[in-house]
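Visitor: Each chain is listed here by its residues.
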Amino acid sequence: MVGRVLIVEDEPNIIEAIRFILSRDGWAVDTHADGQTALEAVARRRPDLIILDVMLPNRSGYDILSDLRADPGTEKIPVLMLTARGQSTDRDLALRVGASRFMTKPFANADVLAAVRDLTGLGPKVAEG
Amino acid sequence: MPKSPLTGARIRRRRLDLGQKQVDLARICGISASYLNLIEHDRRSIGGKLLADIASALKVAPETLSAGSDPGDLTALRSAAARIGGELEPSVELDRVEEFETRFPGWAGLVALQASRVDSLERQVAILSDRARRDPAFAASLHNILSTVTAIRATSGILAGDDPVEPVWQARFHRNLYEESRRLAEAAEALADDLETGEGIDATGPLDALDAWVGDGSVLQPIEQGADSAVMGAAEAGLADGPALELARAEVKRRSADAALLPLAALEDALGEGLPDPFQLADRFDLRLGPILRRLGALPGANAGLAIADGEGTLLFRRQLPGFPIPGYGAAPALWPLYAALARPGRPETARLGPEDRPWERFRLWAVAEADGDEGVMGTLLILPEIGFRAGALPEARQNPRSNPGPADGRERLSS
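Residue numbers (the numbering used here), protein chains in the order written: chain A, 1 to 129; chain B, 1001 to 1416.
Keep in mind that the hints were calculated from the coordinates and are not lab data.
Just a few of them, taken from the derived set where beta-carbon distance is under 8 Å, the chain B residues facing chain A: (1) A1154; (2) N1176; (3) E1180.
Quick list of the computed label-pair ranges, beta carbon to beta carbon: (4) B:D1193 with A:A28: 40 to 50 Å; (5) A:P72 with B:R1175: 42 to 52 Å; (6) A:A33 with B:P1355: 38 to 48 Å; (7) A:A28 with B:D1163: 17 to 27 Å.
A virtual CB, placed ideally from N, CA and C, is assigned to each residue, including glycine.
This is chain A alone, in the form it adopts within the complex (with noise of 0.2 Å):
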């Protein structure tokens, strides 16, 4: 295993591709589709890195970002924050909240995995595109 990866999505055909690729690159990778199963999921297990979705039900990607950032245990985890909304103002507030890295939907399946393998700095780079 490289390492592990929690994937908080709530769109299951896209949770299943991110798993997908990043099982096959040699990564462990649990799920959730809620923000707040997820910071408890967090809690129990820490992930060496946190792909978040910005519009999930209930408390928004930002909330669930601002709560791993201020607590002293998870704040230092890397977040890949992904948005269906590739606004400035959208990038700029998760950038402030303390993402790591902001990736707009719709992606490449090869920038999710150079950008996991980047942050986390596990597992071979890969080129962009």
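Keeping the supplied structure of chain A fixed, place chain B upon it in accordance with the hints.
Guide: Chain B in isolation, oriented as in the chain A frame:
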């Protein structure tokens, strides 16, 4: 009286605007048509009594003919060159802009008009983007489509990749693709229906409706003479009962209170040449900064922008300034000083925005948040162009020089 090398060109322009023949003007002024022709082509200098006679015949002040072009006109042209010229800009003869404006007023007007239309379209795009962001149904549709496209792209990327995929996974991903493509088709149809019927986007946000009713601001001017009830009546006639009317009522009340604190005439008397200093004016009239900013932003005909927001940052009123669109929502640079001021009530914020090498595209901003009676805090943002500020409307002949009845030669005139 100093004479500009373009005085003759201005005489010619004014004469043509009036539809007057050269020979007629020459006769009135007691000179020959050929001599007037030389003057009009700036081959003879002119001043003193003859300039006064020509000015009188053309019904303008001599200074209008001898002084340079209005800085506002030149700023508009420079700004147009910078913003619309794009890669052409280095080859645009900015040092000859006054000559261009004077000698070719029609073309200059066309350039300025086009720039103004581009501004207007950019504002509309900003408003539509703003609405799209605020409209929950539209945002949800868009999110749905983008999520579906993301799933399709990621899944098809796996299937089309070089790495082999086991048959069981292939079947699973094919099924996912089928599901997502159906979802995409449904979402696209729903969005198309919404757009076609206009139900997907709220085309009349309260602030947009208020903008449309206020127009150039003249509808609010009777407030300066104390005719608040007339303006209130006009608002009730022009706006449907709802949030936009509430915004209009609040603006009438606010402007009336500000006008009582600082009458327009007193403010106009206090304004000198160039850019006003709101802090100095606040000292002079012993007023808080907020009312001063709002009074400057309400100067009729001035090229000033104004934004007023409640303590939450929601805009209550705005006056657009060409070249500096004020969005109704979002963290646009235009509104940062306002948000910064709202974060620290009582502490004014100032800012300069725009490129250093293009002073005509630079703007000065002042913002302050102050207590607003029992309603909490109110933020005010004033935006003025760093150069070319005008405290009032251009004189009629200069503001709309091409709106006179058509000249004798029958050329079509541009209306601004």
